[in-house]
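K.L.:
Dock chains B and C against the given chain A, drawing on the hints supplied.
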Amino acid sequence: MTAHPEQGITLGELAVALNLDLHGPDDQRISGLATLASAGPDQLAFLANPAYTPQLGSTRAGAVVLAAGDRDKCPVSCLVSSNPYADWARIAERLNPARVPPPGIHPAATIDPGAQVAASASIGPQVSIGADCVIGERVVIGAGCVIEPGAQIGADTRLVAQVFIGHGCLLGNRVIVHPGVVIGADGFGLAFDQGSWLKVPQIGRVRIGDDCEIGANTTIDRGAIEDTVLEQDVRLDNQVQIAHNVHIGAHTAIAGCVGIAGSTRIGRYCMIAGASGIAGHLEICDKVVITAMSTVLESIDQPGQYGSGIPSRPQRSWQRVLVRLGQLDDWARRLRRVEQGHPTAKTNAKT
Amino acid sequence: MTAHPEQGITLGELAVALNLDLHGPDDQRISGLATLASAGPDQLAFLANPAYTPQLGSTRAGAVVLAAGDRDKCPVSCLVSSNPYADWARIAERLNPARVPPPGIHPAATIDPGAQVAASASIGPQVSIGADCVIGERVVIGAGCVIEPGAQIGADTRLVAQVFIGHGCLLGNRVIVHPGVVIGADGFGLAFDQGSWLKVPQIGRVRIGDDCEIGANTTIDRGAIEDTVLEQDVRLDNQVQIAHNVHIGAHTAIAGCVGIAGSTRIGRYCMIAGASGIAGHLEICDKVVITAMSTVLESIDQPGQYGSGIPSRPQRSWQRVLVRLGQLDDWARRLRRVEQGHPTAKTNAKT
Amino acid sequence: MTAHPEQGITLGELAVALNLDLHGPDDQRISGLATLASAGPDQLAFLANPAYTPQLGSTRAGAVVLAAGDRDKCPVSCLVSSNPYADWARIAERLNPARVPPPGIHPAATIDPGAQVAASASIGPQVSIGADCVIGERVVIGAGCVIEPGAQIGADTRLVAQVFIGHGCLLGNRVIVHPGVVIGADGFGLAFDQGSWLKVPQIGRVRIGDDCEIGANTTIDRGAIEDTVLEQDVRLDNQVQIAHNVHIGAHTAIAGCVGIAGSTRIGRYCMIAGASGIAGHLEICDKVVITAMSTVLESIDQPGQYGSGIPSRPQRSWQRVLVRLGQLDDWARRLRRVEQGHPTAKTNAKT
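Chains as they are written, first to last, in the working numbering: chain A, 5 to 355; chain B, 5 to 355; chain C, 5 to 355.
Hints were generated in silico from the structure; no laboratory data involved.
It is possible that some hints are incorrect.
[Unchecked claim] Straight line, CA to CA, 25 angstroms or less: simulated DMTMM-like cross-link-like pairs of lysine to aspartate or glutamate:
id, chain 1, residue 1, chain 2, residue 2
1, C, Lys203, A, Glu17
2, A, Lys77, A, Asp116
3, B, Lys203, C, Glu97
4, B, Lys203, C, Asp197
5, C, Lys203, A, Glu230
6, A, Lys203, B, Asp290
7, A, Lys203, B, Asp197
8, A, Lys291, C, Asp197
9, B, Lys77, B, Asp46
10, C, Lys77, C, Glu17
11, A, Lys203, B, Asp214
12, B, Lys203, C, Asp74
13, C, Lys203, A, Asp197
14, C, Lys203, A, Asp333
15, C, Lys203, A, Asp25
16, A, Lys203, B, Glu141
17, A, Lys291, A, Asp214
18, C, Lys291, B, Asp197
19, B, Lys203, C, Asp25
20, B, Lys291, B, Glu302
Looking at chain A on its own, in the form it has when it is part of the complex (with noise of 0.2 angstroms):
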């Protein structure tokens, strides 16, 4: 990835400020980063998915970042990591520090003469922030985002464009937040009334914790009367709908257009994969990890792997399994009955 320029640095500067061990020469440079199979040779590329050991005799690159017991098969230098993803991703965010703009109220924002937003703040254009909020150290919140009256936002958080922050609701230090995120909007409730539905007011708010990434266009709705909440360090993909009062534990990272209806309660360092669904008013313990487009119906108690996901395969074998599925019923009478003993009447009519 060339698109923008990177200053170049030496492997000898990366072993010492990571402190990894070199196996090259000190004053090689690199000036940027690439895949095993693309990298040429002032390019830095990172082994730690054992599905590409195979590329690493043939790479080009310049260094590689690598585990202990990959370093044989290295053809080039490398910087031997005990954990090289996790240094793959300190380096790129040495070579490509994040895009910070200058403090600073852009004048195409509306701010409300309420709301205190620090001097070391950057409030982007067509951005409204509403009374009384609290805007932190060095936040950057970019173009058109809205915030709402009472919210208050952490130092060093980031919303990146457009996100929208509801009334009172209240995030962390370091948190991002990606375009199109609807936090705060109102849960969804509704009382049944003499033949309509009655809005329930939503007078939660949303607390989200340290650290918390949200992905673009996710939503996490305000409680219904205490808080929706996420703990530090949640990870948010894309697309994902957090009903009100769910709670969601530190570290416990959730991959895309997963939902979690209202007042569920996950656990800590869980891991729930893309496009599951988790009902309302549920308990997940810790450690739990959801495998793909799974359907959780009941809490559950014990760390570990659930699922509910069934592969596709070719059409034509699949409506074979729809049919035998519906013929469960029967084949329960039939080897009932088989058991017993007892061939069917056609069976009996033909021996």
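P.N.:
What follows is chains B and C alone, placed relative to chain A:
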């Protein structure tokens, strides 16, 4: 929930206003709302879901809204209701009235001179309203909304923020539209011609009836030729996708992440649970309930519950089920054989 | 659909312009478009789907676009086409040309002085365009769009409204992007290190080919190292999620609510039906059709139809299927026993 000061009210005032039966002192003052488990003596709680009945005996709430049958178990003051959840909603609305911004057009809004905007309407900053739009009495259009030419918004409707309304679309009265909603984008109409896709112009509109509520980041496409329609009091949660020419009957409620494909008609008083999908060109009759994560591929002409969601289980156990699914064809053959009195060849060899 | 006045046109003009065979008077005038069932005598309808053939005989349309084989059943004028749906699309485009706003930059837009914007482009209000962007000829950027620095938008491309384009991303010519779309947010890249998640910088871009169309609220993440790519004429419906480093081949169409996980390659001329999910790091070959709500967990190297969606049924019947699924392990054992000639203990006791 105490983030925002709430004006107090006495139980006597509530009993009179909502025609409830009060057990407790007329002049007892309530200053806020909370759950049975967390409420303190100046707060009101409610009991509508039997799952929470065990919390009633130990509640420290000042008073509880509940059904007559629960009155004897209530250790504190209570307001007896024939529909506790609906009366709770009314009380919550009274104690937390929706924030209504003052009428007028924000100077940072862009209004086409050919648009008609009622003097009582409130138009926020960074709003864009096109030619020939009609914005009704007391409408609230929050920051960042885009209303294309010719759209009409009925009285008392509220677009919270960052909503898109496509050209010519019609919203009724008292509609609530949450942030990120897109109403009236083009439907997915494509004709395949000479190896490429040709866009089919989408010339219908979206018409939304009175008292509908549309959740955050939901999308409702305009019709291909005729209109996409939501009748009155339709309630959509977040991230729902409504394709072109869908027609949804009055009082139907649809939970988060549901997708409904083109030209399907949904009846009145239906309830569709989260993450379900409904194929195109179907007819779903009134009073149908679809359970969570189900796939509806055929029309339904009888009220009742329908579903195809599969509850997750421990992954190892689920993998065994998947293996068994793949064996069903083979089992059908084997079951037929034993019914006919023919043990398997392998079995023969053993016996 | 009569909301917007349409210029009339004669059948003769249409026949000449599209090279169609006209059966009816050259000078018969059509003023609008409608369905077979609803069209009146000044409107044109079409017949492309055999499901609607029964409506042909009783249509009151002025004329119908249809295939040669349907001509004899048509009671009114007709235009005979070898591809009625495609020709309908062309006629609809002619009668309802896309609304092109006049060229120029709206005074309420914020354009970085380092951006290049073609004089023929139209930039709407509340738009933000960053440094080093290149906006091509006749591009239309609707209200509220945010274009980060270094992005390039090809000629005749249209961003309808409230679209986000991340830094350095590239869109081809004649691309249509609907409201709420987020192109080029960070991919979901995380390294686990010492009990917490570490963000992996996402340094790739998104590249979108000519003639693509992207539906409302769809998200396409930037690549982790290399780019996320849509080749030409890819068509995405609403609320589709495309993760980092996905590559989608030309002419592939993807329906609403589909999610595709990271680094998966989809071939050309594929069709993926609504709400399906495709796991990461897979290869799907050309001309694969995935049916609705399917889960693709393995690569596919043969064209054809694949699926795993389960049609819903009455809930009580579906519950029985779920119970039977849980019994399959037990059934396998019992079937084996009867094959071996051993009735069950329980059966023995009875017989």
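K.L.:
Would you mind marking each hint as holding or not holding in the structure?
P.N.:
So, going through the hints one by one against the coordinates:
1. Lys203(C) - Glu17(A): holds, 22 angstroms
2. Lys77(A) - Asp116(A): Outside the cut-off at roughly 61 angstroms; violated.
3. Lys203(B) - Glu97(C): holds, 9 angstroms
4. Lys203(B) - Asp197(C): Status violated; Cα separation ~48 angstroms.
5. Lys203(C) - Glu230(A): violated, 30 angstroms
6. Lys203(A) - Asp290(B): Holds: lysine 203(A) and aspartate 290(B) sit about 22 angstroms apart, inside 25 angstroms.
7. Lys203(A) - Asp197(B): violated, 48 angstroms
8. Lys291(A) - Asp197(C): holds, 16 angstroms
9. Lys77(B) - Asp46(B): Holds - the C-alpha atoms of aspartate 46(B) and lysine 77(B) are around 20 angstroms apart, at most 25 angstroms.
10. Lys77(C) - Glu17(C): holds, 24 angstroms
11. Lys203(A) - Asp214(B): Answer holds: lysine 203(A) to aspartate 214(B) is near 14 angstroms, not above 25 angstroms.
12. Lys203(B) - Asp74(C): Between lysine 203(B) and aspartate 74(C) the Cα gap is close to 24 angstroms, so the pair holds against 25 angstroms.
13. Lys203(C) - Asp197(A): Since the Cα atoms of lysine 203(C) and aspartate 197(A) sit roughly 48 angstroms apart, the hinted pair is violated (cutoff 25 angstroms).
14. Lys203(C) - Asp333(A): Status violated; Cα separation ~50 angstroms.
15. Lys203(C) - Asp25(A): Holds - the C-alpha atoms of aspartate 25(A) and lysine 203(C) are around 23 angstroms apart, at most 25 angstroms.
16. Lys203(A) - Glu141(B): With a Cα-Cα distance of about 21 angstroms, the restraint between lysine 203(A) and glutamate 141(B) holds, given a limit of 25 angstroms.
17. Lys291(A) - Asp214(A): Given that 25 angstroms is the threshold and the Cα spacing comes to 20 angstroms, the pair holds.
18. Lys291(C) - Asp197(B): holds, 16 angstroms
19. Lys203(B) - Asp25(C): holds, 23 angstroms
20. Lys291(B) - Glu302(B): holds, 16 angstroms
Consistency with the previously given hints fails for numbers 2, 4, 5, 7, 13 and 14, ordered from lowest to highest.
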